[in-house]
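Asker: Sequence:
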Amino acid sequence: MKIIDVKYEASDGLVSRGVAYGDPTHPPIIFLHGGGQTRHSWGETAHKVASEGWHVINIDSRGHGDSDWCPEGDYTTDGFVRDLTAIAEQLDRPPVVVGASKGGITALAAEGENPGLLRSLILVDVTPKVEQKGVSRIVNFMTAKPEGYDTLEEIAEAIAAYTGRERTTNLEGIRKNVRQNDSGRYIWHWDPKMVSSALGEGLEQRSVRLLAAAENLKVPTLLVRGEKSDVVSAEGVQQFREAVSHAEFIDVKEASHMVAGDQNTVFSDAVIDFINRLD
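In the numbering used here, the protein residues as written are 4 to 282.
Calculated from the structure, these hints are not laboratory results. Remember, predicted model here, so these are calculated numbers, not experimental data. Careful, some of the hints might be misleading.
Computed cross-link-like contacts, SDA-like style, restricted to lysine to any residue with a CA-CA straight-line distance of at most 25 Å [stated by the list, open to error]:
| # | residue 1 | residue 2 |
| --- | --- | --- |
| 1 | 196 | 18 |
| 2 | 51 | 175 |
| 3 | 10 | 27 |
| 4 | 132 | 238 |
| 5 | 132 | 237 |
| 6 | 256 | 267 |
| 7 | 132 | 264 |
| 8 | 221 | 251 |
Distance ranges between label pairs, derived from CB positions [said to hold, decoys possible]:
| # | residue 1 | residue 2 | range |
| --- | --- | --- | --- |
| 9 | 18 | 210 | 26 to 34 Å |
| 10 | 16 | 218 | 13 to 21 Å |
| 11 | 163 | 272 | 36 to 44 Å |
| 12 | 176 | 18 | 31 to 39 Å |
| 13 | 27 | 117 | 20 to 28 Å |
| 14 | 7 | 153 | 29 to 37 Å |
| 15 | 29 | 231 | 15 to 23 Å |
| 16 | 257 | 144 | 34 to 42 Å |
| 17 | 187 | 147 | 16 to 24 Å |
| 18 | 69 | 248 | 34 to 42 Å |
| 19 | 136 | 170 | 20 to 28 Å |
A virtual CB, placed ideally from N, CA and C, is assigned to each residue, including glycine.
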């Protein structure tokens, strides 16, 4: 399968970078990772989707991975939405977007506030109503060691403690999500300004905005929740499904907030089943 490096002029003079899989004449589908992640978080899903006849565009969001950092530290929902809008408008037709957590927030706001921008939405463990406890646990993990880690093994231990999974032996996979600072310590591959910028929006204010966006959705929509998620509750799912009556829903067993990482095969199958039924 053909895999190429891609870059897109985003907004605010920034460049978004990533990789594309498959034939560029095929229908486009954009993968948007969560906050503090990179395009490598999707496991085998992007490759499997491309094998189904889709042109997969797997992008690092602003301030993450290989994409530009914002000099002004603008990592608000508005900033991410502007980037997605700019990328979508450079394609020859509206794309499907698979968005996890922050990526899902971006996609929901973008389509809900600019109907017709996207062909379809797959939202991964994100709803307008989220649980403060789960969000706080994410923030605490992301900000736990600003000075960095001595070894990749130390990072593997930290990830295992956060996710509840067994410690990974794939240190090369971890290496893709970190970089080394001037002292040689490993730090996450995202701009530290992102956390304070995102928190400045406030959960309640963002929830109101996203619920309004959800109520405006007309495109085919799939909500995927991790059954063990501490971020999206049953109440959050119910509120979303009442706002988006046409949305499909799947609860992935033995998965937490990190659905694609916890149960990649089940997640991939759900995505493929949904997109292959689109008109």
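Asker: Against which earlier hints does the structure fall short, listed by number upward?
Answerer: Hints 10, 11, 12, 15 and 16 are the ones this structure does not satisfy, whereas the remaining hints hold.
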